Amino acid sequence: GAVVSQHPSRVICKSGTSVKIECRSLDFQATTMFWYRQFPKQSLMLMATSNEGSKATYEQGVEKDKFLINHASLTLSTLTVTSAHPEDSSFYICSARDQGTEAFFGQGTRLTVV
Amino acid sequence: GDSVTQMEGPVTLSEEAFLTINCTYTATGYPSLFWYVQYPGEGLQLLLKATKADDKGSNKGFEATYRKETTSFHLEKGSVQVSDSAVYFCALSSFYNTDKLIFGTGTRLQVFP
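Those protein sequence lines, which keep their order, are chains A and B.
For the first sequence, our numbering gives the first residue as 1, with consecutive numbering after it.
For the second sequence, our numbering gives the first residue as 1, with consecutive numbering after it.
No false leads were mixed into what you were given.
Simulated crosslink set (BS3-like; lysine-lysine; CA at most 27 Å straight-line):
no., chain 1, residue 1, chain 2, residue 2
1, B, Lys77, A, Lys41
2, B, Lys60, B, Lys49
3, B, Lys60, B, Lys100
4, A, Lys64, A, Lys14
5, A, Lys64, A, Lys20
6, B, Lys100, A, Lys20
7, B, Lys56, B, Lys100
8, A, Lys66, A, Lys14
9, B, Lys100, A, Lys66
10, B, Lys49, A, Lys41
11, A, Lys41, A, Lys66
12, A, Lys41, A, Lys14
13, B, Lys77, B, Lys49
14, B, Lys100, B, Lys49
15, A, Lys55, A, Lys66
16, A, Lys41, B, Lys100
17, A, Lys64, B, Lys100
18, B, Lys100, A, Lys55
19, A, Lys66, A, Lys20
20, B, Lys52, B, Lys68
21, A, Lys41, A, Lys64
What follows is a set of in silico ranges between Cβ atoms, one per label pair, in the way DEER data are often shown:
no., chain 1, residue 1, chain 2, residue 2, range
22, B, Glu76, A, Ser15, 43 to 49 Å
23, A, Pro40, B, Thr28, 28 to 34 Å
24, A, Leu26, B, Thr71, 34 to 40 Å
25, B, Thr51, A, Phe91, 25 to 31 Å
Derived from the structure by calculation, the hints contain no laboratory data.
In this text the structure is predicted, and so the values were computed from the model without any measurement.
Where a beta carbon is used, it is the ideal one built from N, C-alpha and C, also for glycine.
All chains, please: the whole structure from these sequences, using the hints.
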């Protein structure tokens, strides 16, 4: 199947700093990308959906100023956690799909804020 | 709102044992149902899906049947292998918003030789 690469796989940052997570589709055009968050022993929760060249659509309860999503090209989306705090520590997963196709998932990024 | 409930793990089995991972859902309309698998260090992969009542999804020896009367989509495999050790996620996509996947909490399967 198609490959979605997510980087980094793990990151530790200090409280108050910002961290960027990249999601790349390696062999297809990702017209739509999705960002999820997973807390321990809980479901993956959709945070936002982005279409290339458009502003992301955030799910209810997700702070768009805190979780900045950029989808400037057909192969790259980034999630920036701004002014991170320990409660932002979580597992973040992206997925991507082209029009009319299934979504393919990245391997996830474990963020720890200390 | 729509939701998915799946059995907690880990599920620990010996090789060649029969596997069942339960999944039930709550949804309005007629959702599509999915099972995803995540192997260690990899992203989620679509394992199988069913889009309407009584459909059976199957792949790699795994099966699941869309049961509307019991709102269930249980995953089964007749004989598991060590290589099936992974985390399995049940999910649905809403009839009204097919872009949005709603996941269960995941069930870890450990198969020992």
